[in-house]
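Protein chains in written order, with the numbering used here: chain A, 43 to 335; chain B, 43 to 335; chain C, 2 to 378; chain D, 2 to 378.
The hints are simulated quantities; they were obtained by calculation from the structure and are not laboratory data.
Each hint should be verified, as a subset may be incorrect.
As the list claims (entries may be wrong) - Listed next, with one range per pair, are the computed distances between beta-carbon atoms: (1) C:K158 with A:D48: 51 to 59 Å; (2) C:H218 with A:V65: 29 to 37 Å; (3) A:G84 with C:V101: 34 to 42 Å; (4) A:A306 with C:K158: 51 to 59 Å; (5) D:Q159 with C:L98: 52 to 60 Å; (6) B:E209 with C:E347: 13 to 21 Å; (7) C:Q183 with D:Q159: 56 to 64 Å.
Heads up, the beta-carbon is just placed ideally off N, CA and C, and yes, glycines get one too.
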Amino acid sequence: MSVLVDRDTRVLVQGITGHQGTVHTIQMKQFGTAVVAGVTPGKGGSVVEGVPVFDSVRDAVAKTGANTSCIFVPAPGAKDAVLESVDAGVRLCVVVTEHVPFHDMLVMYPYARSKGTRIIGPNCPGIGAPGKAKVGIIPNVVFRPGRVGVISRSGTLTYEIVNGIKEIGLGQSTCIGLGGDPVIGTTFVDALPMFESDPDTDALVLVGEIGGTAEEDAAEYVRHQFTKPVIAYIAGRSAPPGKRMGHAGAIITRGKGTAESKVAALEAAGARVARFPYDIPQLVVEAVRSARR
Amino acid sequence: MSVLVDRDTRVLVQGITGHQGTVHTIQMKQFGTAVVAGVTPGKGGSVVEGVPVFDSVRDAVAKTGANTSCIFVPAPGAKDAVLESVDAGVRLCVVVTEHVPFHDMLVMYPYARSKGTRIIGPNCPGIGAPGKAKVGIIPNVVFRPGRVGVISRSGTLTYEIVNGIKEIGLGQSTCIGLGGDPVIGTTFVDALPMFESDPDTDALVLVGEIGGTAEEDAAEYVRHQFTKPVIAYIAGRSAPPGKRMGHAGAIITRGKGTAESKVAALEAAGARVARFPYDIPQLVVEAVRSARR
Amino acid sequence: MVKLAEWQGKKVFRSYGIPVPRGEVARSPAEAERLAREGKVPLPCVVKAQVLSGGRGKGGAVRFPNTPDEVREATADILGLEFKGEKVREVLLEEKLPIVRELYVSMTLDRSQRLPVLISSAQGGMEIESVPDGSIDRQVVDPFPGLTGYEKRSVSKQFGLTPLQARSVGGVLDALWKIFVQEDAELVEVNPLAIVGDGVVALDAKVIIEDDAAFRHPEFAEVRDDRTELEEIAREKEIAFVQLDGNIGVIANGAGLTMATLDVLKEFGGAPGVFLDLGGTDDPKKVSEAFLLMARAEPAAVFLNIFGGITRCDTVAKGLVEAMGQVPTSERFPLVARIRGNNEAEGIQILRAAGVTAISDLREAAQAAVEAARRRP
Amino acid sequence: MVKLAEWQGKKVFRSYGIPVPRGEVARSPAEAERLAREGKVPLPCVVKAQVLSGGRGKGGAVRFPNTPDEVREATADILGLEFKGEKVREVLLEEKLPIVRELYVSMTLDRSQRLPVLISSAQGGMEIESVPDGSIDRQVVDPFPGLTGYEKRSVSKQFGLTPLQARSVGGVLDALWKIFVQEDAELVEVNPLAIVGDGVVALDAKVIIEDDAAFRHPEFAEVRDDRTELEEIAREKEIAFVQLDGNIGVIANGAGLTMATLDVLKEFGGAPGVFLDLGGTDDPKKVSEAFLLMARAEPAAVFLNIFGGITRCDTVAKGLVEAMGQVPTSERFPLVARIRGNNEAEGIQILRAAGVTAISDLREAAQAAVEAARRRP
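With the sequences and hints as input, model every part of the structure.
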């Protein structure tokens, strides 16, 4: 087992004929993912890297049984791409696209939820479960099969941390990059129960950032309902209030969303909180060890 | 047991200070219904027929534990009244109001559904379960406790038929007038499973009309999933195509929605179809008798 | 049903950005000729009767004049026509466009799915009822996200359009959706939607606003001139007025009961004529008003079938007897009344005392009404 | 962040039907005087600096002149001011209204609920951050039905309004909701919303359009004059540019990695200055562009921290070395580079050969960068 993706995952790539779409289709296939279809309106009938391209998601689903979409469509079309997948019965949409207006998410998130489709992202690196499937853009080299779960609001920092877990000799069950935008389809609180019930996950690494209260909400969940060891890291301790730190999600406003508040909440919930990203692997090793006792 | 309402039903009346609201509050109370609150914005603090009036549904629910709303608010405000009840956690909204634009229903119906609230109506007489509770405007005199369920798209015709069941010496478990508008919150197909699983219902009377395909859909359900005897009547056999027969729902268009099609579908599904309303009671008696054998 | 005339529908289309031909409305042959002469409408042009019923093409109500004189003549001819009882009072003069192909698109309500539906067909120009089902595409539209890009692309693919044409059709579909929602439409239909060069143009416009939402659209209040006087009075009193072919007037409360009443009358050989549906109410005032309205429709006999919910039958009966007194003796007609509910016996007594045939049993009452109508000339 | 000036926000308000005071913008004392003299703005009036930062009231940027001469003087005084580095280039002249009470309303995003939120307070006129939490009402608004009547009634009740005032506030709230959705706003704030007689008037307007949605609003493209030249270049190249107080330039890819890098630098006593976040990309071209942009910011030292996903490290290293060659020797600065990913060893070799301190370990790399900055004057 794993979280959200498994050997039955059949991926369709929306925007497969674009540069990013093509590059990551190759990477996903190299990972061992069943990429069964691509969609680019007007390019139906062509083939990209051995993957048949369709004009519509409905066609792609009907012909290939795709059940998961990886979306590289440029921001102005991302909402429509998600709606199309939702209406075609796709159960999981990983939106890699950056700069999707949050107003579009305010429409597609509740719509997808009402139809039973989960959105990961937007502006996210996606999901990887070593030995099973990868949907998104996390570099293949950072993975190694194992029993540590990772959920993160960051992109490259996730790669760094997942890589660190590999380098210390452990491996990952499932890694999810949730995306750093103000409105995301899946939050820590949404993802935690899946790891709690995943028999292949022994410990969870939670990578947060300043801004919002997603980490505090996660801490609340961890305190009451999560039984596995949690190792956390919060980026942005040195960020000044009121500055947007790179993307819209990471900002401290109205005294809320500080690293101190998040660290305190997570520690109070029993998580091991790393001061720096390079401290995480060792904390994971310790957590796994003490959990086994 | 009964369908949708029972002894735990706590009714709030939206628009209680209007003429209809007040008249039917009295009637519902005389039926034995627990009418616990009224809502009319700006009239909070007053009392109508012993029922406390609140400015908002949220207040009414918080103070009285109301879980069901009966809506008499004039058509322009009906949508807002339903949304207010849905957001306040009310589980069942009976919309008596006539002339609610169907475009408003296109908003409130999916919204209510997504929040787990059931709408009956609009333009409907509501629900009555003798000995338990009545939410709506079906005259009290037509009821008598018993084991026949009734679902109907009509108003006064329902009273006529329910009354006929009483006059032949039987009684009703629950009667629901679904309303005759083009878009209604609960259709035959939505209501049938509740009667199927209701241990207090032995037989079901289904009163349909020309227009739409709700009766054909019901027949399909009855054929495959409904095990109790069904007695049906379809009004409008003599109505010409293309004419709106009184309200927007009853119209035969594009060759669809004819009485013949509905009668044929119901007969094929094993229902006893009455040619005239006055034939129904005798068919019910026969159905109950042969089911007991 | 607030049904807009073609030129009114096109005005709505224009305000939502749907391309329509250049055009002007004329109410006399002279006016039409002047519009053509002054170049307000380029020649050759199209002259079309502005009536709400369909079938204009076959009825000679669409003409293609080439000169101002021909415009005058065509207008004169058309203004004399009548369609299903509706006199032509206006014509629409429009530029004639080089049409490549005619398509069909509309937005309406799918009742059983409880969702709006976008209907499209590559076979435009004829009534959609005549188009084979296999050539019609139906896509339900979820009101929350609204019409999506992929739904529009599906229509363009069905039509086999160039990218520029697809863009133009996409704009029309967006506008259809907006009109449907913002104008509370029951139906917004473009038939034909013509391909003209790289774009599309709406050659006809059918917009029906939902009656129940008319209060939100006072700008369309004037758009109802196909109603008769009695229909107009009925509408004001919120009584549903329906004209059938027979001679027995029916007054009942509730659409279901009304229809059941018609069914029973027919069973006994009667022919229902005008019927009035009071809705769910048994308000004695409304019953009396309906009675007086019915008197003006000159029925051979009237069958009144009211199931009382709130009001007592004797109250309704008294009101009815009072109303009867207001009808001149010469215009009186036989009345069979069936009023069920509280105090039924008292009600029957009052009616019978006033000379009304009052019967509780629906079968018997219907037979009596049919008999009464038969006895009249 | 597309932050509209007050007068621009009020223009938006006006177009959505929110009442605002009569007013005119002036860019010189003479223009202001003329507007007052010609009666375009009735006297006595209000003159307000048009700057994007708050705190104008305390800074003398709001004045209440009574005569055209006073208007000229007030404008001259205000146009000389500077707020947080932003020069005042425009003033807004407005009629002075008889204010009964000042309220607060705004619409923004509640991130944790993933819903819009309507914020209201009867204590308007001061910054909402200073209002006690108990005096602030928050109602989330579901985007599907949109703002409802009962939510508006709740605000009117909180404010204690007359029916006429409630109607006026209801109109303002409807407009707030429409602006929020249709203009893709992050924040629409009216503070104060003044009660004037039977209605309300928006005395100030704060409208912030979401950057990611700016492509849908070309009309606001000009509204960005608070950006420096470097910020503008960064924006065009889609690089996030943030100015902090320190002297170590940071280039990284991804917000999380960038922030982690700053945290580590601080831990070792460094002071991060300008930082550039390339987003999730490791595109060598973008790395080089960021490097050249950073060179223009004159940092004491630069720490480059790129985690490679797709591109090989040697490709990124080569591009970087090439870009270094384009910086004049006099403007060079010490560079510490950490490039992780495929072909890491080759990348490090290329960088070291070019005289760059290349280190894989984040701790060591950060220490080296701090050390390098410390050695510079």
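Status of the hints after comparison with the structure:
About 34 Å separates the C-beta atoms of K158 (chain C) and D48 (chain A), a value inconsistent with the hinted range of 51 to 59 Å. Checked against the hint of 29 to 37 Å, the pair H218 (chain C) and V65 (chain A) fails, with Cβ atoms roughly 53 Å apart. Look at G84 (chain A) against V101 (chain C): about 21 Å separates their beta carbons, and that is not inside 34 to 42 Å. Range check, A306 (chain A) to K158 (chain C): Cβ separation about 56 Å, and the 51 to 59 Å hint holds.
Taken as a hint, the range 52 to 60 Å holds for the pair Q159 (chain D) and L98 (chain C), whose Cβ atoms sit roughly 58 Å apart. The hinted window of 13 to 21 Å between E209 (chain B) and E347 (chain C) holds, with their beta carbons roughly 19 Å apart. At about 31 Å, the CB distance of Q183 (chain C) to Q159 (chain D) disagrees with the hint of 56 to 64 Å.
When the structure is compared with the earlier hints, violations turn up for hints 1, 2, 3, 7 and for no others.
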